[in-house]
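Sequences and hints are given; from them, build the entire structure.
Residue numbers (the working numbering), protein chains in the order written: chain A, 1 to 101; chain B, 1001 to 1205.
In short, the hints are calculated from the structure, not lab data.
A portion of the hints provided could be inaccurate.
Heads up, incomplete: computed chain B residues facing chain A, CB under 8 Å, no partners named [as the list claims (entries may be wrong)]:
(1) Glu-1009
(2) Val-1028
(3) Trp-1061
Ranges of calculated distance between the beta carbons of each label pair, as one might list FRET restraints [claimed, not checked]:
(4) B:Leu-1118 - A:Arg-86: 43 to 51 Å
(5) A:Leu-98 - B:Ala-1070: 28 to 36 Å
(6) B:Pro-1008 - A:Leu-83: 44 to 52 Å
(7) A:Ile-56 - B:Arg-1168: 42 to 50 Å
(8) A:Gln-53 - B:Ile-1104: 19 to 27 Å
(9) A:Asn-87 - B:Pro-1147: 30 to 38 Å
(10) A:Leu-98 - B:Phe-1126: 49 to 57 Å
(11) B:Asp-1003 - A:Arg-88: 18 to 26 Å
(12) A:Asn-87 - B:Glu-1125: 54 to 62 Å
(13) A:Ile-56 - B:Asn-1032: 41 to 49 Å
(14) B:Glu-1149 - A:Asn-87: 32 to 40 Å
These numbers were taken from a predicted model, which means no experiment stands behind them.
Just so you know, even glycine gets a beta-carbon here, dropped at the ideal spot from N, CA and C.
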Amino acid sequence: MILSQFVILGAALFSIGVYGVLTRRNAVLVLLSVELMLAAVNINFVAFDVYFQDAIAGGQIFSLFIIAVAAAEVGIGLAIVLLIFRNRQSANVDELDLMKL
Amino acid sequence: MSDWISHPENIVFVILAVVMVGAGFRSVTSRNVVHAVLFLVVALAGSAALFLLLGAEFVAWTVVLVYIGAVIVLFLFGIMITRAPLGMETQLSHSNQTKIGAAIVAGALFALISVAALQGFGDTEFVASPTRTDDLGLSIFQRFVIPFEVVSVVLLAALIGGIVLARRDPESTEELPAPQPTGVATTPSTNIAATAGRSAEGGDT
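What follows is the structure, given as structure tokens:
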């Protein structure tokens, strides 16, 4: 296995996530695309950790931290989307233009 | 290249990569919300299989448990709650013009990272060896114990914040019956209740 194959796969998944964030209208699906980007970052962390043969396995532990933070982010994000939906009857990110002049 | 593909682990990697990229792409372009979430499951399962290929078993099973088990359920819950249009829907994504712009941005990002990776690492080879969960646990609770505690506080704060944000405010519903005895701007139903209360009081006296 070479290192570049994992970095390129991570880059492909991250770019797909960026595309999803930019094109999706529904706030839940934007969060879903962010999850895809976080998964791509995890691949890089674990691949580099295995490559360096790190004695304290820092890359794998930080990928565990990313998973925990991603779970927290989804919980808070979905609560906010739920609140927005309750107040505005819509989860469409285009209609949230209160800050526009 | 033919030497690279002859290794069995690289064949597994290519299969996993194709499945993951395909599922990821379908999950950001699918017109069905539930299908998008289920394609994300496939992509995340692919990443778990990739971690097994790299020998990071604990991270692989954590991905299966936390991502596929919990986060996906949260997503489906969010979709059901916000009543995102189930079934085929054209209003889920932006117009074609935005899509072209987003595709250019994503493609440029991919090209940039790929070129940088190929120039930086070239064909640096490495051999995957299994990481023992024993070592991982010792490392978490010795070297990384402070980040671990910080993450646990973050999770607790997110839990409390999620509950506070998502619940219906009980105080406002409890305060609603309070103005009833004064009789100011009561709705017909509360009016009836107020008069019923008054008549009950009169019956007592």
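Structure-based check of each hint:
no. : hint                              : verdict
1   : Glu-1009                          : holds, 6 Å
2   : Val-1028                          : holds, 3 Å
3   : Trp-1061                          : violated, 11 Å
4   : B:Leu-1118 - A:Arg-86: 43 to 51 Å : holds, 48 Å
5   : A:Leu-98 - B:Ala-1070: 28 to 36 Å : holds, 32 Å
6   : B:Pro-1008 - A:Leu-83: 44 to 52 Å : holds, 50 Å
7   : A:Ile-56 - B:Arg-1168: 42 to 50 Å : holds, 46 Å
8   : A:Gln-53 - B:Ile-1104: 19 to 27 Å : violated, 39 Å
9   : A:Asn-87 - B:Pro-1147: 30 to 38 Å : holds, 36 Å
10  : A:Leu-98 - B:Phe-1126: 49 to 57 Å : holds, 51 Å
11  : B:Asp-1003 - A:Arg-88: 18 to 26 Å : violated, 58 Å
12  : A:Asn-87 - B:Glu-1125: 54 to 62 Å : holds, 55 Å
13  : A:Ile-56 - B:Asn-1032: 41 to 49 Å : holds, 44 Å
14  : B:Glu-1149 - A:Asn-87: 32 to 40 Å : holds, 35 Å
Hints 3, 8 and 11, counting from the list given before, are not met by this structure.
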